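Chains as they are written, first to last, in UniProt numbering: chain S, 1 to 373; chain G, 1 to 373; chain Z, 1 to 382; chain U, 1 to 382.
No wet-lab data here; the hints were simulated from the structure.
Be careful, since some hints might not be right.
Some chain S residues close to chain Z (C-beta under 10 angstroms, calculated; not the full set) [unchecked claim]:
| no. | residue |
| --- | --- |
| 1 | T25 |
| 2 | L58 |
| 3 | G239 |
| 4 | Q246 |
| 5 | T259 |
| 6 | S292 |
| 7 | W340 |
| 8 | M360 |
Restraint-style ranges between C-beta atoms, simulated for each label pair [said to hold, decoys possible]:
| no. | chain 1 | residue 1 | chain 2 | residue 2 | range |
| --- | --- | --- | --- | --- | --- |
| 9 | U | D345 | G | R244 | 28 to 36 angstroms |
| 10 | S | D29 | U | I211 | 53 to 61 angstroms |
| 11 | G | R244 | U | A307 | 54 to 62 angstroms |
| 12 | S | E226 | Z | T67 | 44 to 52 angstroms |
Note that the coordinates shown come from a computational prediction; the quantities given were computed from them, not determined experimentally.
All C-beta atoms, glycine included, are put in the ideal place defined by N, C-alpha and C.
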Amino acid sequence: MTDQSRRPDHPDHLDHPGHLAAPTTADPDLVDLLTGLFADHRASRPTPTAVVDLDRALWGRLEELGLTRLTGSEASGGSGAGWVEAAALLGLAAGAAAPVPLAEHDLLGGWLLEAAGLPNDGGLRAVCRPDPSGVALNVTWARDASSIVALWEDRDEWRVADVPVGRVGLEERRNLAGEPSDTVEFDLADLEAGVVVDHAIGEQFHLRGALARCAQVVGAMERIVEITLTHANDRVQFGRPIARFQAVQHLVADIAAETALARAATDAAVARAAASDWQDGGMLFAVAVAKSCVGHSASVVVRGAHQVLGAIGTTLEHELHTLTKPILARRTEFGSLHEWDETLTALATSAGHDRLWNLMTTGRATSRRRPAE
Amino acid sequence: MTDQSRRPDHPDHLDHPGHLAAPTTADPDLVDLLTGLFADHRASRPTPTAVVDLDRALWGRLEELGLTRLTGSEASGGSGAGWVEAAALLGLAAGAAAPVPLAEHDLLGGWLLEAAGLPNDGGLRAVCRPDPSGVALNVTWARDASSIVALWEDRDEWRVADVPVGRVGLEERRNLAGEPSDTVEFDLADLEAGVVVDHAIGEQFHLRGALARCAQVVGAMERIVEITLTHANDRVQFGRPIARFQAVQHLVADIAAETALARAATDAAVARAAASDWQDGGMLFAVAVAKSCVGHSASVVVRGAHQVLGAIGTTLEHELHTLTKPILARRTEFGSLHEWDETLTALATSAGHDRLWNLMTTGRATSRRRPAE
Amino acid sequence: MDHRLVPPVATEGPALAELRLEVRAFLAEQVAAGVFVPHVDTWLTRWDRDFTRELGRRGWLGMVIPTEYGGQGRSYVERFVVTEELLVVGAPVAAHWVAERQIGPSLLRYGTEEQKQAFLPGISRGEVVFGIGMSEPDSGSDLASVRTRAERVEGGWRLTGTKVWTSGAHEADAFFALARSAPLDPAHRHDGLSQFIVDLRAPGVTIRPIISMGGDHHFNEVHLDGVFIPDDRVLGELGDGWSQVTSELGFERSGPERVLSTFQLLAAAAQAMGDARLPTDPGLGRHVARVAALHQMSFAVSTALEAHENADTAAAVVKLLGTTEEGDIADYVDTLTASGWALDDDLSQLLHAAILQRPGFTLRGGTNEVLRGVVARGLGMR
Amino acid sequence: MDHRLVPPVATEGPALAELRLEVRAFLAEQVAAGVFVPHVDTWLTRWDRDFTRELGRRGWLGMVIPTEYGGQGRSYVERFVVTEELLVVGAPVAAHWVAERQIGPSLLRYGTEEQKQAFLPGISRGEVVFGIGMSEPDSGSDLASVRTRAERVEGGWRLTGTKVWTSGAHEADAFFALARSAPLDPAHRHDGLSQFIVDLRAPGVTIRPIISMGGDHHFNEVHLDGVFIPDDRVLGELGDGWSQVTSELGFERSGPERVLSTFQLLAAAAQAMGDARLPTDPGLGRHVARVAALHQMSFAVSTALEAHENADTAAAVVKLLGTTEEGDIADYVDTLTASGWALDDDLSQLLHAAILQRPGFTLRGGTNEVLRGVVARGLGMR
């Protein structure tokens with residue numbers, strides 16, 4: 001079963017059917033629902049704080065709408081949607097700085113449980129990859145979970161265990177964004193009791209996590225473009241809106257352009273994931289491209305937005321930091337930007353001169369069909 | 001004998017003598033002479049061409065003025081000046097795109113001959129470091145030299161040989177700037193007959209070459225600032241000089257600021273070299289800082305200048321490329337920018353947290369005097 | 001989501017993937033046979049009329065021109081795929097570039113039936129070669145300030161003025177010239193401009209080379225000294241020249257040539273890094289990622305053009321990011337390069353050519369400064 | 001050479017080198033004794049009146065204040081050296097920063113003899129703590145638009161208005177306030193502004209915290225509700241406020257705090273890279289080089305200040321490049337960092353603090369956009 005099979009049909013706007021494969025945008029009705037939902041959240045939430053805690057009311061509302069387990073199979077109580085829809089949800093939630101563990105609970109934790117054939121009671125899940133000693137660092141939302149899904153590499157085997165939070169040691173910490181990002185210590189017996197899963201699950205976990213982070217970061221960037229534009233048009237300096245200054249126009253144009261690039265890279269990877277249910281051999285390249293572009297664009301967007309907003313944008317009460325801090329926090333998760341660039345370098349050098357373009361178009365360094373010689 | 005001892009005294013503009021060490025700027029009379037000389041050259045030279053050949057008339061004039069052997073000892077027929085004066089000469093010559101081998105002939109070739117105790121008849125010298133098989137690549141001005149000074153590493157010994165150009169194999173090539181940049185093949189016997197010199201000469205050669213290139217690049221950048229400003233003030237678009245557009249102002253401000261940074265880094269290294277006759281233990285760091293800053297600034301300056309000048313600046317008849325092409329050609333000589341950044345990384349990591357600042361202020365990773373404990 | 005500047009990405013279906021491989025296989029054969037040597041910026045610098053005609057024979061020119069005018073009647077996305085394959089391999093495509101990208105679509109949109117019949121079949125066969133005459137010595141980014149004037153005469157117009165930066169004019173058959181057909185009204189600077197189809201062999205046309213900083217001849221100054229243009233060689237509506245030239249910017253600016261001019265250098269650098277002729281550095285990966293993402297963006301714009309959506313702002317984004325990136329690749333490889341220690345002629349020839357061509361990337365077809373203004377306007381800032 | 005923006009570099013003589021080592025040894029002892037924990041951006045965020053007083057006792061405050069006013073009567077270059085050493089070690093220097101950098105020099109230049117005697121000795125001992133009140137809610141980069149008004153009353157003035165971004169006002173004794181003492185003349189917006197020395201404990205002063213995005217309290221909003229200022233607390237000439245505040249920009253902008261705010265992070269990253277806790281990467285060397293060159297530039301500007309040369313443009317160059325660089329260091333280290341696999345608390349605390357402080361670097365004391373304009377003007381472009 002591929003994600004593709006679950007997606008509703010969209011009108012193909014091309015005159016030449018067959019040129020384009022599966023659509024890459026989520027169902028407009030779903031997008032409208034989500035947009036309204038998170039606009040409500042943005043309008044009703046309290047003033048920003050330096051520490052960010054789980055919004056249980058919002059989580060409850062998402063649960064009622066079937067959005068907390070959007071990609072879970074219907075058999076296991078999920079909504080059976082695919083990555084295209086999940087990316088839209090993650091992006092819009094991140095644009096509203098909604099403090100809810102959608103990626104952890106559904107795309108990672110729920111997926112691992114399903115992959116391992118473990119039951120899912122719908123209780124809030126955090127997720128992590130503990131080290132050989134059973135310790136996992138920076139486990140987002142761990143303290144709020146009912147249980148923690150651990151992916152653990154044990155003597156060449158990968159195991160998945162669903163461990164109730166009461167059975168783990170938990171040191172409360174927070175990340176740059178002020179979100180719970182705890183240190184979790186497992187009892188090794190709980191991990192050893194986990195279900196053995198295919199080796200591919202281990203690599204896919206890292207890719208899924210990285211791409212989920214991209215979808216969140218791009219969603220936050222898109223909201224930043226809106227905030228920046230509004231401010232530039234409203235703020236008057238030297239007798240006119242700062243949007244009239246060429247320097248400000250250029251800062252905003254660069255923010256918007258980088259956001260568009262990050263969006264393109266992310267959507268391309270999401271489309272590939274959805275079309276192949278992550279089985280496409282080009283997933284590593286596609287996710288690496290997204291993580292690299294999103295990460296480098298984040299530097300431009302975060303810096304430029306703060307520059308346009310000025311000092312007001314650095315205050316706790318302003319919305320801007322509720323977006324920029326999570327962007328930078330997520331950028332360092334599931335591999336540093338430097339690591340992903342190294343991955344791409346390795347892929348490109350192994351493709352070499354003659355296969356670099358094939359790598360770019362298919363994600364694979366070797367062509368499926370060799371040209372006739 | 002240090003360079004310092006040869007330099008004329010300058011008025012110290014500080015109220016507190018002893019705070020500043022040796023002056024770092026060349027004698028104003030010399031600077032005036034050079035400025036006038038190269039202004040004449042710029043005014044009288046022909047339209048730029050894609051290939052650049054030695055200007056023998058200019059070389060003759062420089063020779064008459066004692067400028068071709070500015071830093072040679074007076075005993076050997078030189079002018080006995082130091083690196084501060086030499087850097088001023090290199091910079092102003094580069095700002096006029098003067099096709100003369102000042103760095104090769106005097107600062108490198110002449111110095112090597114003197115270090116080896118070899119005679120110098122004043123004939124034009126090129127200089128290179130042939131590989132073990134006796135081949136040297138990208139030897140600038142080789143075809144124009146009367147003889148080529150080779151620094152050759154032979155079984156753990158360094159030798160200097162002064163080989164008449166008639167005795168070498170020479171394949172004519174040109175660098176990015178269109179300058180002669182030939183492949184030279186020596187008879188191994190000629191190299192083996194060279195004079196053995198101290199090991200330190202080998203490392204110093206690389207540093208001297210790199211710093212000479214910095215002085216040239218910065219001189220060219222300073223001329224680019226002038227050209228860019230003139231163009232911005234003169235060129236009218238949309239009914240006003242483009243200097244009135246904030247985007248153009250910012251491009252020019254960035255060009256000028258990066259040029260100033262490159263100048264500061266270069267002058268600091270030159271001052272350290274002059275004050276210690278290259279014996280200061282911080283020379284490697286100082287030259288690396290200059291080469292790194294100059295190299296990265298070159299990216300901003302070259303790009304920005306072409307952007308301000310527009311299409312007209314890309315034509316053969318325009319002065320701009322006579323500066324930008326040599327800047328990029330010199331940037332790759334005596335070590336790539338990447339290598340110099342790696343050198344700095346190695347110095348910084350070996351200094352570590354506690355000694356990084358000492359490295360920055362003294363060029364040495366260990367302090368001369370440990371604080372009392 | 002209101003401020004999404006670029007259409008959603010699209011995924012190539014199997015038909016496009018097949019087309020890619022077909023073109024790629026042909027080009028690999030051509031390289032192997034020595035028909036051309038891969039190079040950078042070939043859509044400006046590599047001119048080969050035989051190769052262009054061969055592409056026409058294979059149906060890879062005039063792809064979006066309807067069959068009744070000798071074209072292939074295929075889609076913009078198919079043309080996009082063929083174009084990318086030609087660019088990445090560094091094929092000599094300059095001879096047909098302007099006609100294929102701008103002249104064909106303009107003729108289809110604004111030309112008379114007679115003009116279409118006269119030019120489109122030849123363009124589709126790669127036999128009729130066109131240039132573009134917009135810029136003038138005193139009008140760089142400020143196109144409305146063109147001074148070439150068109151004076152009404154019996155049966156047509158006489159054009160007098162000077163056009164610059166006309167690539168390939170010395171090899172081309174004709175060009176489109178923008179000229180002032182009514183006096184300048186300072187309050188409405190964009191009025192009174194018209195487009196004319198000018199035979200470059202006509203009396204009164206003088207073509208002088210503009211030599212580039214590397215010593216090459218790609219550009220020309222075209223002097224028009226009372227050149228007669230018959231009425232049937234006016235393009236579109238008289239006085240509508242401004243809206244005609246600006247309406248095609250989506251086509252001119254979003255193409256893969258705004259991203260891929262230095263792809264051969266990037267590929268050579270990947271090879272050299274793998275062979276340890278360049279130091280291994282994550283910067284390569286960063287550039288590979290950006291080019292891959294720009295390929296997605298540029299393709300997305302082509303789907304919008306296919307759907308007849310306005311893509312001017314999206315095209316400005318692609319050109320702004322793409323031309324910056326293709327130039328940054330040249331600068332990046334240069335920072336890895338040390339002269340004097342190893343000769344790597346292929347890489348250094350590509351690098352030097354890329355460095356020499358680079359300044360033009362972010363100038364031609366709208367400077368980066370102009371494009372940022374277009375994006376800002378698209379965002380509602382002006 | 002006509003367009004050299006920055007004075008020639010200078011080389012430290014032995015006396016300065018000795019001073020450096022003396023300060024450095026003291027600071028190393030303080031760190032070893034746990035008196036302070038090295039941090040980033042400490043000239044804004046680390047407030048320690050005891051430490052400040054200790055610096056005063058050692059003669060490292062009021063260095064350029066003449067001895068007759070309780071200062072040290074030393075040189076700007078000596079002060080520069082002490083300042084650098086304090087910054088690079090990440091010492092808690094916020095309590096005396098504003099007084100030492102701006103208030104002292106301004107009082108020396110514009111203050112009455114009585115004002116100098118009243119404030120300078122306390123500043124030099126580190127006992128009198130000052131803030132600055134320039135910005136207002138509606139005047140960011142556009143300082144001439146300040147609305148705080150000074151009304152003439154018997155024996156002095158009454159100030160009414162709101163100042164924002166006053167760092168440390170909640171801990172400070174007094175601040176300089178820029179206010180409009182004559183009605184705005186739109187044709188001469190810079191006229192009619194005056195500077196007042198305001199006791200922050202005076203009736204009518206209300207101080208409210210502005211909490212930063214990291215949750216810290218460094219900045220304040222200072223409300224002045226008819227605060228009485230006696231005539232002898234007007235600073236300099238009435239109506240000359242604009243020229244007074246702008247004339248000190250060379251002092252405010254060229255200091256090493258515009259380069260070194262994140263030095264502790266750079267040093268920690270060098271250590272981590274050496275220990276293989278971060279990947280080895282040439283970007284570190286690039287940043288080291290830039291900081292080293294900026295140290296040279298900043299020192300060069302201090303020699304010009306010492307020689308009473310105008311250094312406004314040079315200072316703008318240092319601040320433009322320096323604040324960009326100190327922020328880029330934060331971003332650079334962040335790109336090397338992966339969360340979730342190793343805890344490195346020292347490095348990550350410095351990194352997070354640097355990320356949270358970074359947006360202010362290129363805003364406070366003149367935005368980069370304003371500074372580029374200053375540089376352009378210095379080049380004769382406006």
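Restraint outcome when T259 (chain S) is required to lie within 10 angstroms of chain Z by C-beta distance
Given a least distance of 8 angstroms, the restraint on T259 (chain S) holds.
Restraint: Q246 (chain S) near chain Z, CB-CB cut 10 angstroms. Satisfied or not?
Result: holds, 7 angstroms to nearest chain Z Cβ.
Agreement of hint S292 (chain S) with chain Z interface, Cβ distance less than 10 angstroms:
This interface hint holds because 4 angstroms falls under the 10 angstroms limit.
For the restraint on W340 (chain S), tell me whether the closest CB of chain Z is nearer than 10 angstroms.
Where the cut-off is 10 angstroms and the nearest Cβ of chain Z is about 7 angstroms from W340 (chain S), the hint holds.
Checking hints one by one. Is L58 (chain S) an interface residue toward chain Z, by the C-beta closer than 10 angstroms rule?
violated (20 angstroms)
The hint says 53 to 61 angstroms between D29 (chain S) and I211 (chain U); measuring C-beta to C-beta, is that right?
violated (41 angstroms)
Interface hint outcome for G239 (chain S) [beta carbon to chain Z under 10 angstroms]
violated (17 angstroms)
Taking 10 angstroms as the limit, does the beta-carbon of T25 (chain S) come near enough to a beta-carbon in chain Z?
Given a least distance of 5 angstroms, the restraint on T25 (chain S) holds.
With a cut-off of 10 angstroms, does the beta carbon of M360 (chain S) approach a beta carbon of chain Z closely enough for the hint to hold?
Constraint on M360 (chain S) satisfied, holds at 5 angstroms.
Status of the given 28 to 36 angstroms range, CB of R244 (chain G) versus CB of D345 (chain U)
violated (52 angstroms)
Is 54 to 62 angstroms a correct range for the gap between the Cβ atoms of R244 (chain G) and A307 (chain U)?
About 34 angstroms separates the Cβ atoms of R244 (chain G) and A307 (chain U), which means 54 to 62 angstroms is violated.
Between the beta carbons of E226 (chain S) and T67 (chain Z), is the distance compatible with 44 to 52 angstroms?
holds (46 angstroms)
Going through the hint list in order, the structure does not satisfy hints 2, 3, 9, 10 and 11.
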